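> Below, each chain spelled out in residue letters.
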Amino acid sequence: MKVQVLFFGATADETGEREIEFSLAENTNANQAFAEIVEKFPRLKNHKLLFAVNQEYASGGEIVKGGDELAVFTAVSGG
Amino acid sequence: MKVQVLFFGATADETGEREIEFSLAENTNANQAFAEIVEKFPRLKNHKLLFAVNQEYASGGEIVKGGDELAVFTAVSGG
Amino acid sequence: MDFFEITNDPLDVGAIARRVVPANCGATITLDGYVRQFTKGRETLHLVYEAYEPMALKEMEKLIAKARERFEIENVGIVHRLGKLEIGETSVVVTVAAPHRRAAFEACEWLIKELKRTVPIWKKEVYRGGEIWIEGEPAIKN
Amino acid sequence: MDFFEITNDPLDVGAIARRVVPANCGATITLDGYVRQFTKGRETLHLVYEAYEPMALKEMEKLIAKARERFEIENVGIVHRLGKLEIGETSVVVTVAAPHRRAAFEACEWLIKELKRTVPIWKKEVYRGGEIWIEGEPAIKN
Chain A
1 MKVQVLFFGA
11 TADETGEREI
21 EFSLAENTNA
31 NQAFAEIVEK
41 FPRLKNHKLL
51 FAVNQEYASG
61 GEIVKGGDEL
71 AVFTAVSGG
Chain B
1001 MKVQVLFFGA
1011 TADETGEREI
1021 EFSLAENTNA
1031 NQAFAEIVEK
1041 FPRLKNHKLL
1051 FAVNQEYASG
1061 GEIVKGGDEL
1071 AVFTAVSGG
Chain C
2001 MDFFEITNDP
2011 LDVGAIARRV
2021 VPANCGATIT
2031 LDGYVRQFTK
2041 GRETLHLVYE
2051 AYEPMALKEM
2061 EKLIAKARER
2071 FEIENVGIVH
2081 RLGKLEIGET
2091 SVVVTVAAPH
2101 RRAAFEACEW
2111 LIKELKRTVP
2121 IWKKEVYRGG
2131 EIWIEGEPAI
2141 KN
Chain D
3001 MDFFEITNDP
3011 LDVGAIARRV
3021 VPANCGATIT
3031 LDGYVRQFTK
3041 GRETLHLVYE
3051 AYEPMALKEM
3061 EKLIAKARER
3071 FEIENVGIVH
3081 RLGKLEIGET
3091 SVVVTVAAPH
3101 RRAAFEACEW
3111 LIKELKRTVP
3121 IWKKEVYRGG
3131 EIWIEGEPAI
3141 KN
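Chains as they are written, first to last, in our numbering: chain A, 1 to 79; chain B, 1001 to 1079; chain C, 2001 to 2142; chain D, 3001 to 3142.
Keep in mind that the hints were calculated from the coordinates and are not lab data. Quantities reported herein were computed from a predicted structural model and do not represent experimental measurements. The beta carbon of each residue, even a glycine, is placed where N, CA and C say it ideally should be. Just to be clear, a hint being listed does not mean it is correct.
Cross-link-like lysine to aspartate or glutamate pairs, in silico, EDC-like; alpha carbons within 16 angstroms at most [said to hold, decoys possible]:
hint, chain 1, residue 1, chain 2, residue 2
1, D, Lys-3124, D, Glu-3089
2, D, Lys-3062, D, Glu-3005
3, D, Lys-3058, A, Glu-69
4, C, Lys-2058, B, Glu-1069
5, B, Lys-1045, C, Glu-2135
6, C, Lys-2124, B, Glu-1014
7, B, Lys-1065, B, Glu-1021
8, D, Lys-3058, A, Glu-56
9, B, Lys-1048, C, Glu-2137
10, A, Lys-2, A, Asp-68
11, C, Lys-2062, B, Glu-1056
12, A, Lys-48, D, Glu-3135
13, D, Lys-3062, A, Glu-56
14, C, Lys-2058, B, Glu-1056
15, A, Lys-45, D, Glu-3135
16, A, Lys-48, D, Glu-3137
17, A, Lys-40, A, Glu-19
18, D, Lys-3116, D, Glu-3053
19, D, Lys-3124, A, Glu-14
Which bits of chain B does chain C cover? Going by a derived footprint, with three or more residues having C-beta under 8 angstroms, they are [stated by the list, open to error]:
hint, stretch
20, 1009–1018
21, 1050–1058
22, 1069–1075
Residues from chain D shown here face chain A by an in silico Cβ test under 10 angstroms; the list is partial [claimed, not checked]:
hint, residue
23, Ala-3051
24, Val-3094
25, Val-3119
26, Trp-3122
One chain only, chain A, in its complex shape (with noise of 0.2 angstroms):
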């Protein structure tokens, strides 16, 4: 199944992209997901991460379905 992966700030600057299209086996949860996109863009690992899920954070455990948008970024510096 597919989703779509979004990056802002430095997690896009690592990356190098702002939105792809993200390949998942069925019934994996957000923490895997993650885990492997991750491991697709390993300078990730130079930052600290939050993950969502359909705009809401994710604790993990969800299940992430076809056509879902998940989103990885650092920690948030607005304000």
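Fit chains B, C and D to the supplied structure of chain A, relying on the hints for placement.
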């Protein structure tokens, strides 16, 4: 000796005055001076009053001098 | 860069707050106090503010000096308007810039509390059917 | 009457704060966050803000709902600017009106603290000789 006495807001309404000249004996302290002013304008007794001598809150024991600027007003309500 | 003023003119809150911005601060906390329409169910028509102006300015200056002793703040501005104010019009602005926002929040809250207690300014409330000079808590010791 | 917005346009702090004024309140507390020139001795040239916009708006909405549970407040407004900001330009405005000013101060301070912790917006600092995406404290549990 003569002093100026200022009234504001409610105390101006009660006395019908905003500024008067007032006669005091030499060596009168602030407590005595304000007691005399209140005696002259008994409607001031309807209010909890604050007193100032020369634009500073009076503690009561200050010796008033000729030409001093006294003020009688109610608890402040700005803001 | 501190300032404390009394004016009869309308107050531009945003412009007043901008006057305290220094290079080493990242945030300004501003209190905008205005004429409320309803107080405990009673409808205000308008307010009239009056001050003992020279003493009020001295008291504001003292407040700012005390705030600087108590809080790590960079700049403070206080402006109070006098005269007739309609509903929603700004009567007072207290604005504080500090390197750390905690201090700015604390100082701003302390300043407005003390201003309402010590600065000789009074408001007359004009409501439907009457008017009254509002008397604060007589917290100043004579 | 609450609002939460993200924009690329300059922010008019006074106008934003005025949008939260209700009839039963007498004061609004506003935080104006802007680009500071010096941080720990380093000179910033400008900042660039970027957001995960739809999620940022959802998180702002959640923050306001939580603030309403915690504090007795009437109206809240949050506006964050994106893009390139010069020194002194406002990046964020948080404004709160409440019947009692204590609650407005508390809610405003809580909202900016939580916004900086949870709303997915990032700033890149461009300084003399380099640039870096600022990373906050990773306080959100994954």
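> For every hint, state whether the structure bears it out.
Hint check:
Taken as a hint, the Lys-3124/D and Glu-3089/D pair is honoured in the structure, with Cα atoms around 15 angstroms apart against an allowance of 16 angstroms. Only pairs whose Cα atoms come within 16 angstroms are accepted, and Lys-3062/D paired with Glu-3005/D is accepted, the gap being roughly 13 angstroms. Using a Cα cut-off of 16 angstroms, the hinted pair Lys-3058/D and Glu-69/A holds, with the two alpha carbons roughly 15 angstroms apart. As the CA atoms of Lys-2058/C and Glu-1069/B are separated by approximately 15 angstroms, the hinted pair is consistent with the 16 angstroms bound.
Distance restraint check for Lys-1045/B and Glu-2135/C: the Cα-Cα separation of roughly 14 angstroms lies within the 16 angstroms cut-off, and the hinted pair is therefore satisfied. Pair hint Lys-2124/C plus Glu-1014/B holds up; C-alpha atoms about 14 angstroms apart against a cutoff of 16 angstroms. Proposed proximity of Lys-1065/B and Glu-1021/B is supported: the alpha carbons are some 13 angstroms apart, at most 16 angstroms. The suggested pairing of Lys-3058/D with Glu-56/A holds, with an alpha-carbon distance near 8 angstroms, which does not exceed 16 angstroms.
Pair hint Lys-1048/B plus Glu-2137/C holds up; C-alpha atoms about 9 angstroms apart against a cutoff of 16 angstroms. Under the criterion of a C-alpha separation no larger than 16 angstroms, the hint pairing Lys-2/A with Asp-68/A is consistent with the structure, at around 8 angstroms. A threshold of 16 angstroms between alpha carbons decides the hint, and for Lys-2062/C with Glu-1056/B the separation of about 11 angstroms falls inside it, so the pair holds. A C-alpha spacing of about 9 angstroms is found between Lys-48/A and Glu-3135/D, which places the hinted pair at or below 16 angstroms, so the restraint holds.
Restraint check for Lys-3062/D and Glu-56/A: satisfied, since their Cα atoms lie roughly 11 angstroms apart, inside the 16 angstroms limit. For the proposed pair Lys-2058/C and Glu-1056/B, the alpha carbon gap of about 8 angstroms is at most 16 angstroms, so the pair holds. Pair hint Lys-45/A plus Glu-3135/D holds up; C-alpha atoms about 14 angstroms apart against a cutoff of 16 angstroms. Distance restraint check for Lys-48/A and Glu-3137/D: the Cα-Cα separation of roughly 9 angstroms lies within the 16 angstroms cut-off, and the hinted pair is therefore satisfied.
Distance restraint check for Lys-40/A and Glu-19/A: the Cα-Cα separation of roughly 14 angstroms lies within the 16 angstroms cut-off, and the hinted pair is therefore satisfied. The hinted pair formed by Lys-3116/D and Glu-3053/D meets the criterion: a straight-line CA distance of about 15 angstroms does not exceed 16 angstroms. Taken as a hint, the Lys-3124/D and Glu-14/A pair is honoured in the structure, with Cα atoms around 14 angstroms apart against an allowance of 16 angstroms. Proximity of the stretch 1009–1018 of chain B to chain C, defined as three or more residues with a beta carbon under 8 angstroms from a beta carbon of that chain, is established by the 3 residues found.
Only residues whose C-beta sits within less than 8 angstroms of a C-beta in chain C count toward coverage, and the stretch 1050–1058 of chain B has 7 of them, enough to reach three; the restraint holds. Three residues within the 8 angstroms Cβ limit are the bar, and the stretch 1069–1075 of chain B against chain C gives 4, so the coverage statement holds. Hint status for Ala-3051/D relative to chain A: holds, with the closest Cβ pair at about 7 angstroms, below 10 angstroms. With a least beta-carbon distance of about 9 angstroms to chain A, the hint placing Val-3094/D at the interface is held under the 10 angstroms criterion.
Because the smallest distance between the Cβ of Val-3119/D and any Cβ of chain A comes to about 6 angstroms, under 10 angstroms, the interface hint for this residue holds. Against a cut-off of 10 angstroms between C-beta atoms, the interface hint on Trp-3122/D holds, since the closest Cβ of chain A lies about 4 angstroms away.
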